[in-house]
Amino acid sequence: MEWNGAWSDSSEEWSKVGDMERGNLGITVEDDGEFWMSFTDWCKFFTEADVCRLINTSVISVHKTWHEVVHFGSWTKNAEPLLNRCGGCANHKQTFLQNPQYMFDVTKEVDEVLISLQQKDLKIHRKVGQGENLSIGFGVFQVELNRKYRMHDIVTQKCVATSTYINARAVFMRRELPLGRYVIIPTTFKPLTLGDYMIRVFTDVDSDCRELTEDKPRVRCWSSFLGYPQVVSHVYVHEAKGLQNQDKTGGADPYVIISCEGRSVRSTIRKDTLEPEFATSGIFYRKKPRKPITVEVWNSNAVKDEFMGQVVLSGSTKDTFDPQTLQLRKQGRQQADEMPGNISLKIVTFTQLTAI
Numbered sequence: 001m002e003w004n005g006a007w008s009d010s011s012e013e014w015s016k017v018g019d020m021e022r023g024n025l026g027i028t029v030e031d032d033g034e035f036w037m038s039f040t041d042w043c044k045f046f047t048e049a050d051v052c053r054l055i056n057t058s059v060i061s062v063h064k065t066w067h068e069v070v071h072f073g074s075w076t077k078n079a080e081p082l083l084n085r086c087g088g089c090a091n092h093k094q095t096f097l098q099n100p101q102y103m104f105d106v107t108k109e110v111d112e113v114l115i116s117l118q119q120k121d122l123k124i125h126r127k128v129g130q131g132e133n134l135s136i137g138f139g140v141f142q143v144e145l146n147r148k149y150r151m152h153d154i155v156t157q158k159c160v161a162t163s164t165y166i167n168a169r170a171v172f173m174r175r176e177l178p179l180g181r182y183v184i185i186p187t188t189f190k191p192l193t194l195g196d197y198m199i200r201v202f203t204d205v206d207s208d209c210r211e212l213t214e215d216k217p218r219v220r221c222w223s224s225f226l227g228y229p230q231v232v233s234h235v236y237v238h239e240a241k242g243l244q245n246q247d248k249t250g251g252a253d254p255y256v257i258i259s260c261e262g263r264s265v266r267s268t269i270r271k272d273t274l275e276p277e278f279a280t281s282g283i284f285y286r287k288k289p290r291k292p293i294t295v296e297v298w299n300s301n302a303v304k305d306e307f308m309g310q311v312v313l314s315g316s317t318k319d320t321f322d323p324q325t326l327q328l329r330k331q332g333r334q335q336a337d338e339m340p341g342n343i344s345l346k347i348v349t350f351t352q353l354t355a356i
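With full-length UniProt numbering, letter number 18 in the sequence shown gets 18, and the count goes up by one each step, no holes.
For the record, the hints were derived by calculation from the structure and aren't laboratory data. Hints may be right or wrong, so weigh each one.
[Unchecked claim] No farther apart than 35 Å at their CA atoms in a straight line, the calculated lysine-lysine pairs in the DSBU-like style are these:
| id | residue 1 | residue 2 |
| --- | --- | --- |
| 1 | K271 | K291 |
| 2 | K248 | K287 |
| 3 | K304 | K287 |
| 4 | K346 | K291 |
| 5 | K93 | K287 |
[Unchecked claim] Label pairs and their calculated CB-CB ranges:
| id | residue 1 | residue 2 | range |
| --- | --- | --- | --- |
| 6 | G250 | G332 | 37 to 45 Å |
| 7 | A79 | F350 | 17 to 25 Å |
| 8 | A6 | L54 | 39 to 47 Å |
Glycine included, every Cβ here is placed at the ideal spot set by N, Cα and C.
With the hints as constraints, model all of the structure from the sequences given.
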């Protein structure tokens, strides 16, 4: 049903607007479902409005294009906590992570990310007294650069954005996020609420958005020979201070590498600073708990990078997730010798592989 008041298709107001002016405004007065009305009437007769944005995902276009990833999922119930997928919003801390989880990467220094969560249309059920929209929303967490498995703990992660929770058909968010790895957790407001949804992620470059379905490394047929993880460790490197000058101008371009059992995580380079904030974390499933974790600071150079110091961590289960400030030291046999600067970090280790 179309508006039939002032400025409707057959109203006399249009006789006062010339064809050229209509063309300049892109106005077509036809029986095509589109109608016009004054702003005063619009405020008077409408209480809500949905704005539909058409996002350009074309491969070839002269205008701004977006990389789109679409996932369909459901909030489902299971008595086993690791299999339950209807844990409710973050207010329910014990069950919040018992929801679907989607991981994506920001590979630019900063990227604009659009996230849309849409629930299934239930209008057809309203005739039988059902069909009301669920209250839905989502949270976005920055996680370890090398995470591959589902999140099981919020304390070790950083929440970077939370949508509003509303009983609307769709919830939308637009954010600028720095380079890193992120996890989206779409939820209903209350736990044990079942439903279907579609989640879409739009980024400037490919985000490799995928659902996280596994909780820990699989036991393989060769695990009995090559070993299986005994503990899991999370390392967060906050910052370094008092580093030694490396450049002629009196600065440095430092970055940090967290290494364990042949695997490593590397931060981005922090330009021209002796007090870099790294804010970099890694997660390691360790087959040999007695083998230490090393955190090294390097200075980026065009020809050869320079070692600026390291700390060696035992990664014991006795470690608490309290901040530590440790003196940088040399490598190898000179490991006991100090180097200028210190590094602030947090580390925690668990024997239960689904603890982080």
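Query - Violating hint indices (sorted, rising) - result: 2, 6 and 8
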